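Construct the complete structure from the given sequences, taking the supplied hints into account.
The chain contents come next:
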Amino acid sequence: MSDNLAASVREICKANGGDRTRLMDIVRAVQAKFGCVSGPAMEMIAQELKVHRVEVHGMVSFYSFLSEQPKGKVTIRLCNDLVDQMAGAAEVGQAFEDELGIKVGQTTPDGKIALEYTACIGMCDQAPAALVNDVVVTELSTDSARRIVRELRKHMDPARLVTRLGDGNNAHELVHAMVLNNIRVKGSLIFTPTNRGEAIRKALGITPAEVIRAVKTSRLRGRGGAGFPTGLKWEFTRAAPGERRYILCNADEGEPGTFKDRVILTELPDRVFAGMTIAGYAVGAEEGIVYLRGEYAYLRKYLEHTLQERRKDNLLGRNILGKQGFNFDIRIQMGAGAYVCGEETALISSCEGLRGDPKTRPPFPAQKGYLGCPSVVNNVETFACVTKILEQGPATFCEIGSQGSPGTKLLSISGDCKSPGVFEVPFGIKLSEVLKLCGAEDAIAVQVGGASGQMVAREEFGRTICYDDLATGGALMVLGPERNVLEAAEKFMDFFVEESCGYCTPCRVGNVLLRNRLARILAGDGEPSDLDYLNDLGQTVKIMSRCGLGQTSANPILTTLKNFRPAYNALVKKRTDGLQPAFDLRTAVADAERVIGRKSEHAHA
Amino acid sequence: MAKPKVATTSLAGCFGCHMSVLDIDDRILKLIELVQFDKSPIDDIKKFTGRCAIGLIEGGCCNEENVRVLQDFRAHCDILISVGDCATMGGIPALRNMVPLQECYEEAYLKGPTVHNPARQIPNDPELPLLLDKVYPCDEVVKIDYHLPGCPPSADTIWEALVALLTDKPVQLPYELVKYD
Chain P
1 MSDNLAASVR
11 EICKANGGDR
21 TRLMDIVRAV
31 QAKFGCVSGP
41 AMEMIAQELK
51 VHRVEVHGMV
61 SFYSFLSEQP
71 KGKVTIRLCN
81 DLVDQMAGAA
91 EVGQAFEDEL
101 GIKVGQTTPD
111 GKIALEYTAC
121 IGMCDQAPAA
131 LVNDVVVTEL
141 STDSARRIVR
151 ELRKHMDPAR
161 LVTRLGDGNN
171 AHELVHAMVL
181 NNIRVKGSLI
191 FTPTNRGEAI
201 RKALGITPAE
211 VIRAVKTSRL
221 RGRGGAGFPT
231 GLKWEFTRAA
241 PGERRYILCN
251 ADEGEPGTFK
261 DRVILTELPD
271 RVFAGMTIAG
281 YAVGAEEGIV
291 YLRGEYAYLR
301 KYLEHTLQER
311 RKDNLLGRNI
321 LGKQGFNFDI
331 RIQMGAGAYV
341 CGEETALISS
351 CEGLRGDPKT
361 RPPFPAQKGY
371 LGCPSVVNNV
381 ETFACVTKIL
391 EQGPATFCEI
401 GSQGSPGTKL
411 LSISGDCKSP
421 GVFEVPFGIK
431 LSEVLKLCGA
441 EDAIAVQVGG
451 ASGQMVAREE
461 FGRTICYDDL
471 ATGGALMVLG
481 PERNVLEAAE
491 KFMDFFVEES
501 CGYCTPCRVG
511 NVLLRNRLAR
521 ILAGDGEPSD
531 LDYLNDLGQT
541 VKIMSRCGLG
551 QTSANPILTT
561 LKNFRPAYNA
571 LVKKRTDGLQ
581 PAFDLRTAVA
591 DAERVIGRKS
601 EHAHA
Chain G
1 MAKPKVATTS
11 LAGCFGCHMS
21 VLDIDDRILK
31 LIELVQFDKS
41 PIDDIKKFTG
51 RCAIGLIEGG
61 CCNEENVRVL
71 QDFRAHCDIL
81 ISVGDCATMG
91 GIPALRNMVP
101 LQECYEEAYL
111 KGPTVHNPAR
121 QIPNDPELPL
131 LLDKVYPCDE
141 VVKIDYHLPG
151 CPPSADTIWE
161 ALVALLTDKP
171 VQLPYELVKY
181 D
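These protein sequence lines are chains P and G, in that order.
Going by my numbering, the residue at position 175 of the first sequence is 175; the numbering climbs one at a time, nothing skipped.
Going by my numbering, the residue at position 51 of the second sequence is 51; the numbering climbs one at a time, nothing skipped.
No wet-lab data here; the hints were simulated from the structure.
Honestly, I wouldn't trust all of these hints.
Calculated pairs, DSSO-like style, for lysine-lysine (alpha carbon to alpha carbon, straight line, at most 27 Å) [what the hints assert, rightly or not]:
#1 G:LYS47 / P:LYS599
#2 G:LYS46 / P:LYS542
#3 P:LYS599 / G:LYS46
Computed from a predicted model, the values in this text were never measured in an experiment.
Below is the structure:
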């Protein structure tokens, strides 16, 4: 076995050129082959790559899809984000537990099947959903959960769980998924017929500077949520000194409630790759990387195939479309389950074969990004927009949308609405109109922008979706009249506690303290002063954290404090005895009573 | 006007913070001009004689007795101050929080390398307070008004804080008094 392991590790490292920056691919390959990256495996990888073992260990321990201990041959990862929980993930989890005879977090005694919870897998519009290894199963019920286990026991082949295929390219033989696109509203930019190669041809007909000018003229802003002007980013990258430059596509869509990039990658990957190629031409890069989240591994073969087709048609490769000297190619970098890798500097770390730790900015990626070279990092949707802008000209692009936010936006809508799915709407649309479109007129609250966004109350449904008002990467989670908004905020805090990379103390510790205090309030033990505590601590976490995760993780609490104050006020009451209600002496002495064998007189007085 | 009363206690602490109180040296003469000591190991008064202005708490809560005393202090004192790191955060005693209570008992009374216990019994006298499942910092048990950091806080820190409170001025602790690296 260990000879086998040694030979395999050597082979895998060799296949990756013994390149330390490809550590992610190497550990993923070892994990795929042996079910885990064991201590000896880490040792061997470290030797092959001539790095310290701790660097390999750091990698393996960081990502939730990598494991040091052997797990099951098949791992069921049930999504437990807010929307999935609203759809009954807990009952489904219970059914999995009953049928498997184990608890979440355990592996069956025969070592065949492991059961875990995982963060949002980008299937909120068809929740509850789970990953069975790389295979996505959606719209789960307690019955289908039991059926899945029984079938797995028979054949242990996750692919055979897909009995019906989804629409569009989900039915493509290389995707073969039961996932649905649920495209509810097609707008005039993204979901439009496409003329493959036209945008690149037009871009290559003008100078790189003119391409950048066209993107600037369109006033396109980043679709990931932060809204940085794309043309400006490209200009900085082009101007930064460096021998090589890189184009990175952020397909790590990890923000709970977001799934529109999944649909773009399923239906319009050509347009994304074209956008990256145009960016490469504009800034002078020869290599592009798509950072694809581990949860979307089922799309990988299909995307590789699409890239291969583009190479065949000279849309990628050397002297693209006959343009002498313009070479550009794209590789796919798989992630391994870490929300923080959606943050651009963490994404770069991950591409470099490191733990997904964010980097200190400045320098910004445009100056020193991937491998220290000037790099463009844009969202999937942004690249798709670029292609359209080059195809039809920037003027047509800014005719749509609002002054500060031109174009359309893809919204991922889920939760308590009649038609969850992807909506392409012009920027500047009112939230109330969006809710009408998806059939959620009775909503009491909408979480705009995913877990890190803001909880918007009914009184504010007149606000508009755009960078100047409700800026969002596109996730809208609708809460109906039955829902408890503060419990939703607590779920989001659970998520951030889990996903904090741990580098900054205010984020690593602060989020735990925030979550615990909120839980105390929800348990009825809160006092008015706790609300000030939440607000103060929330601000500290926001201000004192290095990356976007910590800077936004307090938002579920801060925005509900602002927009749902009466809900908090109803839960807290002032106490005069000076005691902490959360401390219970009976609970605290219970262990000692058991060990010593007598009752505490004080606790039971 | 009667002098305000001050009470002190040491819970799960090492009495180091009390030593630091004594370490204010001759200023203790000034202190007893300002205040009268009530329940405290310093004067050995065991029970509160009345309402106190200030209670100084050393140590966190490791057993049921600590909880009872701390709650008694809260009931009798206008202002409670956590003095030192054990009161504030649990301190060294809280290192046991990572070990299950049963193992703590066994290590102390049965398995420890220096234990001589032929009866193989964990002491169970009603006089011995039961341990809590973990060591709690004081402000997880009752409301605490101020925290004085340090292990122990220096005499100057304690002095400055007390005088400021007693003379109703803002507490100003120079950086030198609260830096520990």
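Here is what the structure says about each hint:
About 25 Å separates the Cα atoms of G:LYS47 and P:LYS599, which keeps this hinted pair within 27 Å; it holds. This hinted pair does not check out: G:LYS46 and P:LYS542 have alpha carbons roughly 47 Å apart, beyond 27 Å. Proximity of P:LYS599 to G:LYS46 is assessed by CA-CA distance (about 26 Å); at most 27 Å being required, the pair is judged to hold.
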